[in-house]
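Colleague: Next come the chains, spelled out residue by residue.
2 protein chains.
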Amino acid sequence: MATKVAVIGGAYTKFGEHWDKSLRDLSVEAGALALADAKLEGKDVQSLYIGNMSAGKFIGQEHLAALAAEQAGLNPIPATRCEGACASGALAFRKAIMAIESGRYDIVIAAGAEKMTDIKGEVAVSTLMGAGDQEWESAIGLTFAGLYALIARAHMSQFGTTREQMALVSVNNHKNAAKNPKAQFPFEVSLEDVLTSSLIADPLRLLDCSPITDGSAAVVLASEKIAKQMDNPIWISSCEQASDTLSLHDRKSLTEMNATKVAVKLAYQQAGLSPEKIDLAEVHDCFSINEIIAVEDLGFCKKGEGGKFVEQGKIAIGNEKPINTMGGLKGIGHPVGATGIRQIIDLMTQLRGKAGPLQVNGAKKGLALNVGGSGATSVVSILSNE
Amino acid sequence: MATKVAVIGGAYTKFGEHWDKSLRDLSVEAGALALADAKLEGKDVQSLYIGNMSAGKFIGQEHLAALAAEQAGLNPIPATRCEGACASGALAFRKAIMAIESGRYDIVIAAGAEKMTDIKGEVAVSTLMGAGDQEWESAIGLTFAGLYALIARAHMSQFGTTREQMALVSVNNHKNAAKNPKAQFPFEVSLEDVLTSSLIADPLRLLDCSPITDGSAAVVLASEKIAKQMDNPIWISSCEQASDTLSLHDRKSLTEMNATKVAVKLAYQQAGLSPEKIDLAEVHDCFSINEIIAVEDLGFCKKGEGGKFVEQGKIAIGNEKPINTMGGLKGIGHPVGATGIRQIIDLMTQLRGKAGPLQVNGAKKGLALNVGGSGATSVVSILSNE
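Respectively, the protein sequence lines represent chains A and B.
Per our numbering, the very first residue in the first sequence carries number 1; after that it's consecutive.
Per our numbering, the very first residue in the second sequence carries number 1; after that it's consecutive.
Read the hints as simulated data drawn from the structure, not as lab findings.
Note that the list lumps identical chains together, so a pair holds whenever it fits in one copy or between two copies.
No more than 35 Å apart at the CA atoms, straight line, and that leaves these computed lysine-lysine pairs for DSBU-like:
#1 314 x 277
#2 225 x 4
#3 252 x 21
#4 303 x 43
#5 252 x 43
#6 43 x 4
#7 43 x 277
#8 179 x 228
#9 252 x 39
#10 43 x 265
Extracted from the complex, chain A is given alone in its bound form (with noise of 0.2 Å):
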């Protein structure tokens, strides 16, 4: 019987436009700051995991992981970069756990990190594009907006879904990402910002869409033998992860995800809880549909009811279902390989009732999910505060 698994510490750096800063700087600072939220050192920790999607093409850097280790001073330990595009922070999380859970180690880092802006946009929005089929999707000039629209699309053909439901969403997370000082754009949109910003990919407009960021985050995770000590262990009751093809056109559905159903369905198994028990959510709000078909996938709502859920304001903190409580990709911002971490600390600040203004109050059990791609690879994690 493996061992049981904490999160006993974690933080992100500021998300924005880090100028001034590389992705060596960004990574360690959210490893340092990660430890000294654990009350642990660098020599504490024996093995390090970090999801990132693209260093290679954004900054001609690979082998990120050594790097990361030899910048936080942490050589000799084993060091692994884990890539599943979007979902890559996710993947680094699971494969720490599972590290854990082999025996070989108590003490791990996941962390996660992303430099996207040091590159022109475009040359960004192509990059992003190796998360798709490089051959059916990238090669004929799709973009991952024009992948989403056509899944908004579909659920607006399929189930009645609004324009105004999907913006929704982003007013939503805006809302909470005003009072997250991390959020690359603390502050509210209206609906009518939403619905008159720059048309991206009918029917996504600009504030449809979570933007390209620099940013790092990391979590320690150890051993219920460590854990056990430390302040406030927030435990992980399930890390389940599946795939699916990478090409929309492959897909039975274009208004579900597949991978984020079989992932959920063994979440939930695994934790021994339904979806009714979870009192907060963070989810991978890429395009603001994903947060409407996440609510749906999830079980939080049935399918197709996802944007009467959002319209009827059930995801914001106090009503039912609170989710991307401290302001979702869409307002803290979407350093690709980082935001699979992020939302574990998300969930770890909440559980540990530290969000202050954004608190979800009496929050015991928090879900996340990240997505890589247009939901090829989809992660969905529970974690709980008892």
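Fit chain B to the known structure of chain A by using the hints.
Modeller: Positioned in the frame of chain A, the structure of chain B alone reads:
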């Protein structure tokens, strides 16, 4: 106590310039061959890890693990890419082992793949520099041949290692590759051939350097429970990983690799073995000098005596410590993400007694050393047929 883990099958594609096959074709081919070797089907596989260094830069494709799972019909199993430069394959192997040790899975594929010949040679060389330090090495124009030339000069200066001794590494490995039908260069080279080949980075010449290669490799790993039901499982006695600085200038020594020394010490401890007990080894001869350093760091001879060890023919099949018995990176080729898995397959073949004209008679224990970059990541695996 974690389960024991065994390699129960494995195969690699022909290594070479595959202008008629894509990375996805190669990945599926190796996976299918490996499953056939293990007498299993795709439905038996529970999780997938793939090592790949730079598909983002080589072919514009990240998110490779989900793509490989899709192309092989393995969705929705968890699929994760691991990256640590030229050690990416061994990182995938090690994560697959830990996935089984965690108790989550019984049958896992560890693969590796790289498609390097779709871009111009000089672009491939700069892409490979992603394995070094972008700010301190790549940006000033260093190449990997240049980095290893610095290492070679230091070794020659410090220990009197000769040009001829380095050349004899290539002679040995090509002699073996000549009998390996999967090798990119299945022919012998003479000492004179090496010594008179084009100068690349003094003192390294063309025939000291491993080539740019397309290829893929896959192994099937199983828990003890499953492996015991199989014919001829090859047991993983240990698999250990360590890290060092990316930049050469930050190392204490240019003539040894500390990551290798740390990893091999742990690997011998875990396996309860000493260097004398190893019957053959697959080591990382990306450049000839690195095989000389490897035999020293692995404890097969004293520090500084690696050149003599090679010169005395001790690395030949039939002699004291056969090295790179199937041809090594130099003779078989070096599709960077695949090499770490290819090494495991070559050990497996030897330990099964199926190496034909290249067989090391009575081989019971084999060791693989996969190195990332100029030594910032090292993974040492010890396999046994007992």
